[in-house]
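As a plain string of letters, each chain reads:
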Amino acid sequence: MRNLIKTTLLSAAIAAAPLALAGAAWAQDTLSLPNLSYRTGPFAATGIPLMNGQRDYMLMLNERDGGVNGVLLGYEECETGYNTEKGVECYEKTKATGIVTQPWSTGITLQVLPKSNVDKIPILAPGYGFSAMQDGKTFQWAYNPPASYWDGASMILQNISGGNLDSLKGKKIAFLHLDHPFGKEPIPLFQAMAEKHGFSFLPIPVGLSEMQNQSAQWLQIRREKPDFVVMWGWGAMNAGAITEAVKTKYPMNQFVGIWWSSLDGDLKLVGEEGKGYRSISWSFPNSQSPVMQDVKKYVVDAGKSMINKDAGEFEWVFYQRGILISAMLVEGIKAAQANFNTKVINAEQLRWGLENLKFDDASIKSLGLEGMIPPFSTSCANHTGHSGGWMLEWDGSKFVKASDLLQADRAAIDPLVTSEAAKYAAANAPWPVSTECKM
Amino acid sequence: MLYRIAGQYKTSYAADHALFPVRQDAYLLGFILVMAFVVFPMTASEFAFRALLIPVLIYSLAALGLNILTGYAGQLSLGTGAFMGVGAYACYKIVTIFPELNLVVAIALSGFFSAAVGVAFGLPSLRIKGFYLAIATLAAQFFLVWLFQKWSWLYNHSSSAAIQVPNIDMFGITVAGPTARAITQYYFVLCVVCAVTIFAINITRGRIGRIWKSVRDMDIAAELVGINLMKAKLTAFFVSSYIVGVAGALFVFLWRGAAEANLFEIPLSFRVLFIAIIGGLGSIMGNYLGAILIVALPVVLSTVPAALGVPIASATAEHLNIMIVGALIITFLILEPHGLAQLWATIREKFILWPFPH
Numbered sequence: 497m498r499n500l501i502k503t504t505l506l507s508a509a510i511a512a513a514p515l516a517l518a519g520a521a522w523a524q525d526t527l528s529l530p531n532l533s534y535r536t537g538p539f540a541a542t543g544i545p546l547m548n549g550q551r552d553y554m555l556m557l558n559e560r561d562g563g564v565n566g567v568l569l570g571y572e573e574c575e576t577g578y579n580t581e582k583g584v585e586c587y588e589k590t591k592a593t594g595i596v597t598q599p600w601s602t603g604i605t606l607q608v609l610p611k612s613n614v615d616k617i618p619i620l621a622p623g624y625g626f627s628a629m630q631d632g633k634t635f636q637w638a639y640n641p642p643a644s645y646w647d648g649a650s651m652i653l654q655n656i657s658g659g660n661l662d663s664l665k666g667k668k669i670a671f672l673h674l675d676h677p678f679g680k681e682p683i684p685l686f687q688a689m690a691e692k693h694g695f696s697f698l699p700i701p702v703g704l705s706e707m708q709n710q711s712a713q714w715l716q717i718r719r720e721k722p723d724f725v726v727m728w729g730w731g732a733m734n735a736g737a738i739t740e741a742v743k744t745k746y747p748m749n750q751f752v753g754i755w756w757s758s759l760d761g762d763l764k765l766v767g768e769e770g771k772g773y774r775s776i777s778w779s780f781p782n783s784q785s786p787v788m789q790d791v792k793k794y795v796v797d798a799g800k801s802m803i804n805k806d807a808g809e810f811e812w813v814f815y816q817r818g819i820l821i822s823a824m825l826v827e828g829i830k831a832a833q834a835n836f837n838t839k840v841i842n843a844e845q846l847r848w849g850l851e852n853l854k855f856d857d858a859s860i861k862s863l864g865l866e867g868m869i870p871p872f873s874t875s876c877a878n879h880t881g882h883s884g885g886w887m888l889e890w891d892g893s894k895f896v897k898a899s900d901l902l903q904a905d906r907a908a909i910d911p912l913v914t915s916e917a918a919k920y921a922a923a924n925a926p927w928p929v930s931t932e933c934k935m
Numbered sequence: 021m022l023y024r025i026a027g028q029y030k031t032s033y034a035a036d037h038a039l040f041p042v043r044q045d046a047y048l049l050g051f052i053l054v055m056a057f058v059v060f061p062m063t064a065s066e067f068a069f070r071a072l073l074i075p076v077l078i079y080s081l082a083a084l085g086l087n088i089l090t091g092y093a094g095q096l097s098l099g100t101g102a103f104m105g106v107g108a109y110a111c112y113k114i115v116t117i118f119p120e121l122n123l124v125v126a127i128a129l130s131g132f133f134s135a136a137v138g139v140a141f142g143l144p145s146l147r148i149k150g151f152y153l154a155i156a157t158l159a160a161q162f163f164l165v166w167l168f169q170k171w172s173w174l175y176n177h178s179s180s181a182a183i184q185v186p187n188i189d190m191f192g193i194t195v196a197g198p199t200a201r202a203i204t205q206y207y208f209v210l211c212v213v214c215a216v217t218i219f220a221i222n223i224t225r226g227r228i229g230r231i232w233k234s235v236r237d238m239d240i241a242a243e244l245v246g247i248n249l250m251k252a253k254l255t256a257f258f259v260s261s262y263i264v265g266v267a268g269a270l271f272v273f274l275w276r277g278a279a280e281a282n283l284f285e286i287p288l289s290f291r292v293l294f295i296a297i298i299g300g301l302g303s304i305m306g307n308y309l310g311a312i313l314i315v316a317l318p319v320v321l322s323t324v325p326a327a328l329g330v331p332i333a334s335a336t337a338e339h340l341n342i343m344i345v346g347a348l349i350i351t352f353l354i355l356e357p358h359g360l361a362q363l364w365a366t367i368r369e370k371f372i373l374w375p376f377p378h
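So the sequences go chain by chain: C and P. Residues in the first sequence are numbered consecutively from 497, following the working numbering. Residues in the second sequence are numbered consecutively from 21, following the working numbering.
Note that these hints are calculated values from the structure, not bench results. For glycine and all other residues, C-beta sits at the position ideal for the given N, C-alpha and C. Among these hints, one or two may not hold up.
Just so you have them, the derived chain P footprint on chain C, three or more residues with Cβ under 8 Å [to be verified]:
#1 578 to 592
#2 815 to 821
Okay, derived cross-link-like pairs now, DSSO-like style, lysine-lysine, Cα gap no bigger than 30 Å in a straight line [said to hold, decoys possible]:
#3 C:LYS667 to P:LYS170
#4 C:LYS633 to C:LYS668
#5 C:LYS616 to C:LYS934
#6 C:LYS633 to C:LYS897
#7 C:LYS668 to C:LYS743
#8 P:LYS170 to C:LYS665
#9 C:LYS800 to C:LYS616
#10 C:LYS667 to C:LYS692
#11 C:LYS616 to C:LYS854
#12 C:LYS668 to P:LYS170
#13 C:LYS894 to C:LYS800
#14 P:LYS149 to C:LYS919
#15 C:LYS792 to C:LYS764
#16 P:LYS170 to C:LYS919
#17 C:LYS839 to C:LYS805
#18 C:LYS692 to P:LYS251
#19 C:LYS667 to C:LYS616
#20 C:LYS897 to C:LYS792
#21 C:LYS745 to C:LYS771
#22 C:LYS800 to C:LYS861
#23 P:LYS170 to C:LYS721
#24 C:LYS665 to C:LYS745
#25 C:LYS692 to C:LYS919
#26 P:LYS370 to C:LYS633
Let's have the full structure, built from the sequences with the hints guiding it.
In structure tokens form, the structure reads like this:
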């Protein structure tokens, strides 16, 4: 018996040794790009396709081009389960080697944001986090390209009003949202717009424990008979709301969601009955684009992807949005490499890179992302870039584009950004505000 | 051998009732304190401070508060998370209204708010006990979290509905907020936890502690020998909620840096209750052992695959982690249903008798 144990231990040690060595060799010219992922917990359903997309784009570049400019992309996941406590743990674990933080939850972003100035690590939060992060002079280390929640709210209002917000006068808009910093984020903008354009605004919160059973909220909606229901949902809340809307026969063409409420899997649950449901989005799936074909060739068909092929995840809005998120990060890396003339960039250099993202028509085409993302660019004063977005509509089996490119109402949002950013800086004094940025 | 008690004579009542009747216990505690005050701070990385040491201390403190109520006074409570929240929000309001105030004072004051709320929700304990009382404290849990969300004055009307810890200086050193160093925060938490622990040890050994224990063991008998049940139960709620409130303030100010209302939801209450139960109800040391098992062990386990160079996806590692910790909890409870503190007591007993097992 003792011999058996000895042999097992010895063989395990021998087997582990090359692995450890391989790890060391692999680490030499690799950029460490951690992602605080969640493939477990109540939000896993929405997290998994996004994480898969992010991972597969990096794998594809490593396979096809050998990384970027000869440096491998070390995509690493640290599991948080959307738990803020695990989020802090993962942040502390990855900040020593990582050159970026992708917090993937507004709650974790809130905790990490004040530390970013001290630890000097850029936060990349595409399409989430604080809307006020747009103000690059105040939030020097935080990036939320290509559109903020306030942009999304403004675009939704424009689309449902047919381009003229004054036509909403006297109407009632219910705002079904997760009772969490994420869901509360657009409320100030909606309230300001409601006052200005004379519609009534009714926030209906959904607690984390009520996500799967929203009968109380939908009873309220049935009683109030709002002209539109706007949803800020995430994870299990989306499926709950959509099935409940079908059950109460709320007209689907008056039901609009933010970009995190456009998971194909949720709408597949109701299929034809979900027809007419709309969701604003800064991304659109295009499985025929060169990038998607390369991902298919190098990663999916090679059996390296973790996607659920039977469910058709490859075509999903969320999977391809994950691809775009990684594409933004990689473009930031490339910009930094070119500017600093070095291959292995550090966190401060990546910060510069993210500040100089250029997704114009030509570069979107050369990257092979045609039709997947509207053009945008970031600067030291503007960390969002404001790509605008399309309204997507569920046609019973997939999402289709239902509008031209919409743009948010900058005149309504920018003053709010300035005042919220100033408020944040004052509450966290002494808060460094960039003096280098002259824009 | 290590625990030989031969030759340690007690010649007075005071010596017989001393905190450490066996000298080796004092040595062991001294060793642990040296580790905590000198060795860990010299060797720990920032990750170890922020993910292991500080959370273990804070959770131990919260469990200690709950243990006074449940383990010593026998009143079951499921509202710990909400009482921690009261402490945190009270501390936030105090700090933002009086920015000049010393943080220690602010934290000490915030404990009184949670103590007052705890006493208010402890009133039903005069009429009901056991599971019925647990349901009453559950009401506190739901009501208070709802209040944290709805009463925007509590979070200074911030649009994200979350509280953010500003930078707070004490004698020229930043102790809380984003610019604070981990080692400073560790020492701060360690000192508070040590002070509260000394207080808790003494109060549970003394007159009040004995009153609580008599109420726990049989409240009718306690009443017959002349103990005022109302006073006994409400003091237990007061002291327990005070400590829990201080733990809550530390939780947000010295560790998390930001918090939203749903942080204090029922999972937090359960977590603290598990620490107290697995550590051992009616013991002070058990809280520390329980917190090490429930808070620190998963963090340590999650670093194992990477340290061994085993290529394993982080989600899989997380699943494994949950399974291992769950299995360990069940194993420990089967081995010793009265918690880790009792397990240690048995081991210690064996050491004292060694090498002559009876």
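To see whether the hints hold, each was checked on the structure:
1. 578 to 592: holds (count 7)
2. 815 to 821: violated (count 0)
3. C:LYS667 to P:LYS170: holds, 26 Å
4. C:LYS633 to C:LYS668: violated, 37 Å
5. C:LYS616 to C:LYS934: Distance ~21 Å between LYS616 of chain C and LYS934 of chain C Cα, so the pair holds.
6. C:LYS633 to C:LYS897: violated, 35 Å
7. C:LYS668 to C:LYS743: This hinted pair holds, its Cα atoms lying about 21 Å apart.
8. P:LYS170 to C:LYS665: Given that 30 Å is the threshold and the Cα spacing comes to 28 Å, the pair holds.
9. C:LYS800 to C:LYS616: Roughly 33 Å between the alpha carbons, so the hint for LYS800 of chain C and LYS616 of chain C is violated.
10. C:LYS667 to C:LYS692: holds, 13 Å
11. C:LYS616 to C:LYS854: With Cα atoms ~23 Å apart, LYS616 of chain C and LYS854 of chain C stay inside 30 Å; holds.
12. C:LYS668 to P:LYS170: holds, 22 Å
13. C:LYS894 to C:LYS800: holds, 25 Å
14. P:LYS149 to C:LYS919: violated, 48 Å
15. C:LYS792 to C:LYS764: holds, 23 Å
16. P:LYS170 to C:LYS919: holds, 21 Å
17. C:LYS839 to C:LYS805: violated, 35 Å
18. C:LYS692 to P:LYS251: violated, 57 Å
19. C:LYS667 to C:LYS616: Roughly 47 Å between the alpha carbons, so the hint for LYS667 of chain C and LYS616 of chain C is violated.
20. C:LYS897 to C:LYS792: holds, 23 Å
21. C:LYS745 to C:LYS771: holds, 12 Å
22. C:LYS800 to C:LYS861: holds, 26 Å
23. P:LYS170 to C:LYS721: holds, 24 Å
24. C:LYS665 to C:LYS745: holds, 25 Å
25. C:LYS692 to C:LYS919: Between LYS692 of chain C and LYS919 of chain C the Cα gap is close to 23 Å, so the pair holds against 30 Å.
26. P:LYS370 to C:LYS633: The given pair, whose Cα atoms are some 65 Å apart, is violated under the 30 Å limit.
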